[in-house]
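**Student:** All chains, full assembly: derive it from the sequences and hints.
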Amino acid sequence: MSTSPLLALDSVTMRFGGVVAVDNLSLHVPAGSVTGLIGPNGAGKTTVFNVITGFYTPQAGNVRFRGETITGRQPHLICKAGIARTFQNIRLFGNETALQNVMIGCHVRQKSAWWMPVLCLPQAAREERAIAEKSLELLKRLDLMIYAGEKASSLPYGAQRRLEIARALATDPSLLVLDEPAAGMNPQESQALMHFIERLRTEFNLTILLIEHDMKVVMGVCDHIWVLEYGKLIADGDAQAIRNNPKVIEAYLGGEDLNSHA
Amino acid sequence: MNSVIRNRLLNVLLIAVLGLFLYWAEHNLDGYKIQILNLIAVNAILALSLNLIYGFTGMFSLGHAGFMAIGAYVSALCVLSPDQKEMMWILEEVVWPVSVIHTPFWFSVLAGGILAALFGLIIALPVLRLGGDYLGIATLGFAEIIRVLIVNATPITNGSLGIKGIPMHSTLLVNYAWLLVTLYCLIRLLNSNVGNVFKAIRDDEIAARVMGVNVFGYKVLSFCIGAFFAGIGGALMGNLLTTIDPKMFTFLLTFNVLMIVVAGGLGSITGSLLSSAIITVLLESLRAVEDPFSLAGFDVPGIPGMRMVVFSLVLLCIILYRREGLMGMREITWNALFRFIDRRKHA
Ligand SMILES: Nc1ncnc2c1ncn2[C@@H]1O[C@H](COP(=O)(O)OP(=O)(O)OP(=O)(O)O)[C@@H](O)[C@H]1O
Ligand SMILES: [Mg+2]
Chain A
2 MSTSPLLALD SVTMRFGGVV AVDNLSLHVP AGSVTGLIGP NGAGKTTVFN
52 VITGFYTPQA GNVRFRGETI TGRQPHLICK AGIARTFQNI RLFGNETALQ
102 NVMIGCHVRQ KSAWWMPVLC LPQAAREERA IAEKSLELLK RLDLMIYAGE
152 KASSLPYGAQ RRLEIARALA TDPSLLVLDE PAAGMNPQES QALMHFIERL
202 RTEFNLTILL IEHDMKVVMG VCDHIWVLEY GKLIADGDAQ AIRNNPKVIE
252 AYLGGEDLNS HA
Chain B
31 MNSVIRNRLL NVLLIAVLGL FLYWAEHNLD GYKIQILNLI AVNAILALSL
81 NLIYGFTGMF SLGHAGFMAI GAYVSALCVL SPDQKEMMWI LEEVVWPVSV
131 IHTPFWFSVL AGGILAALFG LIIALPVLRL GGDYLGIATL GFAEIIRVLI
181 VNATPITNGS LGIKGIPMHS TLLVNYAWLL VTLYCLIRLL NSNVGNVFKA
231 IRDDEIAARV MGVNVFGYKV LSFCIGAFFA GIGGALMGNL LTTIDPKMFT
281 FLLTFNVLMI VVAGGLGSIT GSLLSSAIIT VLLESLRAVE DPFSLAGFDV
331 PGIPGMRMVV FSLVLLCIIL YRREGLMGMR EITWNALFRF IDRRKHA
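Chains as they are written, first to last, in our numbering: chain A, 2 to 263; chain B, 31 to 377.
Treat the hints as calculated values from the structure; they're not laboratory data. Errors might be hidden in some of the hints.
Just so you have them, the derived chain B footprint on chain A, three or more residues with Cβ under 8 Å [what the hints assert, rightly or not]: (1) 79–93; (2) 112–125.
Reference listing, derived: stretches of chain B covered by chain A, where coverage requires no fewer than 3 residues with Cβ under 8 Å from a Cβ of chain A [stated by the list, open to error]: (3) 107–116; (4) 222–230; (5) 243–254.
Simulated restraints on C-beta separations [claimed, not checked]: (6) A:K141 <-> B:D372: 22 to 32 Å; (7) B:W364 <-> A:V20: 48 to 58 Å; (8) A:G73 <-> B:G49: 35 to 45 Å; (9) A:E199 <-> B:L151: 45 to 55 Å; (10) A:R130 <-> B:L343: 45 to 55 Å; (11) A:G73 <-> B:I349: 35 to 45 Å.
All C-beta atoms, glycine included, are put in the ideal place defined by N, C-alpha and C.
**Tutor:** As structure tokens, this is what we get:
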């Protein structure tokens with residue numbers, strides 16, 4: 002595992018009117034790591050993701066990906082550069098089948114132009130076939146094969162979460178950012194999710210940044226954790242250090258008892 | 031048998047049957063019925079083009095009459111002979127390149143489509159940044175601007191007098207050939223991954239952007255392709271009626287097409303085809319309600335426009351009771367048909 006950061010935020014500040022959602026935040030995500038971003042409700046975690054993926058341009062600071070500044074770049078170009086994400090509240094293409102959802106993810110790497118399939122050019126047909134095969138392969142690897150022809154909106158909740166990840170993987174990312182993947186899951190399901198994230202990292206050679214409220218998942222799977230409160234960084238370190246950090250305990254007091262999940 | 035090959039054979043068979051039927055109709059049916067068959071084909075082209083924009087890509091556009099007007103005018107100006115044009119333009123002299131152009135019909139239709147697509151591009155660049163209802167209002171405005179331009183560009187368009195005596199080239203076979211071309215292009219496009227991308231934009235624009243889709247670019251693409259086929263439909267319509275003038279291309283025309291699309295199902299190709307046939311026939315047969323009739327001894331005079339009142343009511347009922355239209359987003363496919371037959375056999 003290399004230690005040069007794949008992603009780095011330098012003093013990023015994001016304001017909405019009077020609300021400072023992210024306040025002078027600097028953090029980095031080493032290549033090959035699973036990094037966690039935690040914090041109480043409204044701490045600004047999702048806003049950090051929206052800044053990384055290009056939905057918001059921060060008022061100050063920089064986002065660097067592979068050493069290159071990507072601040073303010075359009076979301077689709079950031080995806081092309083190799084960052085894929087999922088959403089806190091699932092956003093699938095509901096009227097399309099699971100297979101189509103994944104194929105849409107493949108589109109960003111597609112080379113043939115839109116008019117090529119209309120003219121039945123063989124290279125376009127070949128690429129379309131390759132995309133369908135790749136998508137089926139992804140569905141198979143994420144245990145979604147039985148849903149391939151089903152409408153995405155009709156899938157069970159857990160399958161929808163996995164499908165969102167499959168769709169993100171279809172864009173061939175090097176960094177995957179997951180916004181609360183365990184939300185709405187029962188303990189068994191989040192247990193399975195932990196193994197799943199480990200598998201993703203090794204099988205797909207990914208770097209993963211995740212927001213998660215489920216401390217068991219965060220502590221179990223993250224190499225390094227950043228803690229946010231009111232948009233400010235209050236701590237960072239490995240699971241052990243975070244668990245014993247008085248500031249973090251303070252921030253979560255009355256909320257989640259970190260040690261109970263040890 | 032391999033289902034892909036089977037479906038392809040069935041498609042060829044269907045087209046052959048359609049061709050034979052049209053050949054028979056051309057020689058055996060009266061002019062009025064042939065006209066209705068022609069209108070069905072043209073309306074189907076128009077409905078498909080709007081369905082691409084609204085039903086498949088989710089852009090609420092009300093600019094169809096504008097694109098049709100461009101197609102109709104460009105095509106008419108191309109097929110009229112220079113002599114005809116010189117005689118007809120009485121308000122102002124016909125301007126130079128238009129005065130000498132004289133092209134074959136197929137080329138004029140294509141030119142109509144291309145110019146409509148170009149106008150579509152000009153409109154799309156500022157307007158497609160808007161979403162939802164704003165887009166509808168802006169495109170409606172642009173269609174009206176196109177109409178006003180046509181009224182005032184007298185040296186090119188003969189202004190409010192319109193163009194009469196367009197030599198009629200669009201036989202049944204010609205119109206249905208264009209419909210087949212439209213169908214072929216749109217089905218190929220929508221079944222490719224680009225089609226999936228259009229539908230992704232319709233379903234969730236934000237998710238589409240995150241998945242690396244250049245949403246604005248693909249919206250412009252879909253809008254221009256839709257405008258292209260609307261231009262072709264307009265060109266065929268103008269040729270079918272042999273007379274065009276700016277008053278034809280008001281919002282009512284857009285409304286007709288919109289009604290067909292909504293009734294057939296937003297996002298369903300076969301739905302648009304079916305409802306083009308049904309609504310075109312209904313619109314014609316409903317002419318009866320505009321005739322004078324006697325009710326319980328009273329003579330009621332004919333009420334022009336009564337048809338549209340009835341149709342507005344029909345549309346209202348669709349929106350209230352069956353919002354997804356005839357087909358919703360479903361399609362009638364050979365596979366679905368065979369599955370249906372299978373189930374009936376086993377039941
Ligand atoms: N588009 C926006 N406009 C205005 N305020 C916003 C916007 N997005 C986020 N905020 C505000 O920024 C703050 C941080 O929100 P954010 O969604 O990033 O929190 P979070 O850490 O993801 O919380 P949660 O754990 O509930 O998901 C909140 O006070 C929120 O109201
Ligand atoms: Mg959040």
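**Student:** Would you mind marking each hint as holding or not holding in the structure?
**Tutor:** Taking the hints in turn, this is what the structure says about them:
1. 79–93: holds (count 7)
2. 112–125: holds (count 5)
3. 107–116: Violated, because only 0 residues of the region 107–116 of chain B bring their Cβ atoms closer than 8 Å to Cβ atoms of chain A.
4. 222–230: Three-residue rule met by the region 222–230 of chain B, so holds; n is 7.
5. 243–254: holds (count 4)
6. A:K141 <-> B:D372: 22 to 32 Å: Given range 22 to 32 Å: holds, Cβ gap about 28 Å.
7. B:W364 <-> A:V20: 48 to 58 Å: holds, 56 Å
8. A:G73 <-> B:G49: 35 to 45 Å: Distance hint for G73 of chain A, G49 of chain B is violated at roughly 57 Å.
9. A:E199 <-> B:L151: 45 to 55 Å: holds, 49 Å
10. A:R130 <-> B:L343: 45 to 55 Å: Check passed, 49 Å falls within 45 to 55 Å.
11. A:G73 <-> B:I349: 35 to 45 Å: 42 Å Cβ-Cβ, so the 35 to 45 Å window holds.
Hints 3, 8 from the earlier list are contradicted by this structure; the remaining hints agree with it.
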